[in-house]
Amino acid sequence: MRIDLRDGKVTADPRCDRLEHFDERSKSYRVDLLGAEQQKTVRWEVPVQLDQGMEGACVGFGISHALAVHGVRVDNLSARQLYWATQLSDAWRGGAYPGACPHYEGTAVLYGLKTTKELGLIGGYTWAFSLADVIDGLQHGPAVLGCRWSQGMASTDAHGFVVYDDQALVGGHCACITGADIRYRFLTIKNSWGTGWGANGCCHISFPDFEKLLANKGEVAFIQQVQKIQKGE
258 MRIDLRDGKV
268 TADPRCDRLE
278 HFDERSKSYR
288 VDLLGAEQQK
298 TVRWEVPVQL
308 DQGMEGACVG
318 FGISHALAVH
328 GVRVDNLSAR
338 QLYWATQLSD
348 AWRGGAYPGA
358 CPHYEGTAVL
368 YGLKTTKELG
378 LIGGYTWAFS
388 LADVIDGLQH
398 GPAVLGCRWS
408 QGMASTDAHG
418 FVVYDDQALV
428 GGHCACITGA
438 DIRYRFLTIK
448 NSWGTGWGAN
458 GCCHISFPDF
468 EKLLANKGEV
478 AFIQQVQKIQ
488 KGE
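To get this note's numbering, take the position in the sequence shown, counting from 1, and add 257.
Derived by calculation from the structure, the hints in this document are not laboratory data. All values derive from a computational prediction rather than experimental measurement. Please note that a few of the clues may not be correct.
To be verified - Quick list of in silico lysine to aspartate or glutamate cross-link-like pairs, EDC-like style, CA-CA up to 20 Å:
1) Lys474 with Asp270
2) Lys297 with Glu468
3) Lys266 with Asp308
4) Lys371 with Asp422
5) Lys266 with Asp423
6) Lys371 with Asp280
7) Lys284 with Asp332
8) Lys469 with Asp423
9) Lys474 with Asp264
10) Lys469 with Glu277
11) Lys284 with Asp270
12) Lys374 with Asp280
13) Lys474 with Asp280
Let's have the full structure, built from the sequences with the hints guiding it.
Here you go:
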């Protein structure tokens, strides 16, 4: 299967349509650093399991899982609408929203965060640029992950782990990092592919694999000042 994306690239998996768009100014908004002595094992519970189906709305769904941890009520429809709203204001023409012409999939995590802020759901966001940064940020809340998804991450092993292989990439994806285990050295990721995927919708990735993923055009952001009630309620 070949899916055309809005930046001219293609993906083999219609669910993996995260586009790569970075802003050097993001480096000025780094997550607060705590230091290794304050890094503890942490796990954030996501109160809802979203499922994007075979749609390419992963940016809307990954951000929505993070919002849900902070008490925002989300569902598959609101996550899809966040994706559409992002496409209406990002840098590319067309989209997947009703009436879009031309019809293309994909948007970027940065634009998704900007749209979430414009909708009044968050007050801002910070960025993590290393594994240590990610663990520091997770002490205060979940993270939004944008990455190049590989074939080894299509399913989990018997222990719930995925394997990152930068030589066998499927496409770009967005998900939510919900925890870090310091002793056993892995992160937990909440995916938006339903409860039938992975370990009840989640997977683990080892610290070394995650560092490779992050180095290969990965990005991690933390939402701040989250509003508990969705706009319009």
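Results for each hint:
1. Lys474 with Asp270: The hint holds at about 18 Å.
2. Lys297 with Glu468: Given pair Lys297, Glu468 holds - Cα atoms ~18 Å apart, limit 20 Å.
3. Lys266 with Asp308: 24 Å, violated
4. Lys371 with Asp422: Measuring from Cα to Cα gives roughly 30 Å; hence the hint is violated.
5. Lys266 with Asp423: Holds, at roughly 17 Å.
6. Lys371 with Asp280: This hinted pair holds, its Cα atoms lying about 12 Å apart.
7. Lys284 with Asp332: 32 Å, violated
8. Lys469 with Asp423: At roughly 8 Å apart (the allowed maximum being 20 Å), Asp423 and Lys469 satisfy the hint.
9. Lys474 with Asp264: 15 Å, holds
10. Lys469 with Glu277: 17 Å, holds
11. Lys284 with Asp270: Violated. Lys284 to Asp270 sits at ~31 Å, over the 20 Å cutoff.
12. Lys374 with Asp280: 17 Å, holds
13. Lys474 with Asp280: Judged against 20 Å, a Cα distance of about 12 Å means the pair holds.
Of the hints listed earlier, those the structure fails to meet are numbers 3, 4, 7, 11, in rising order.
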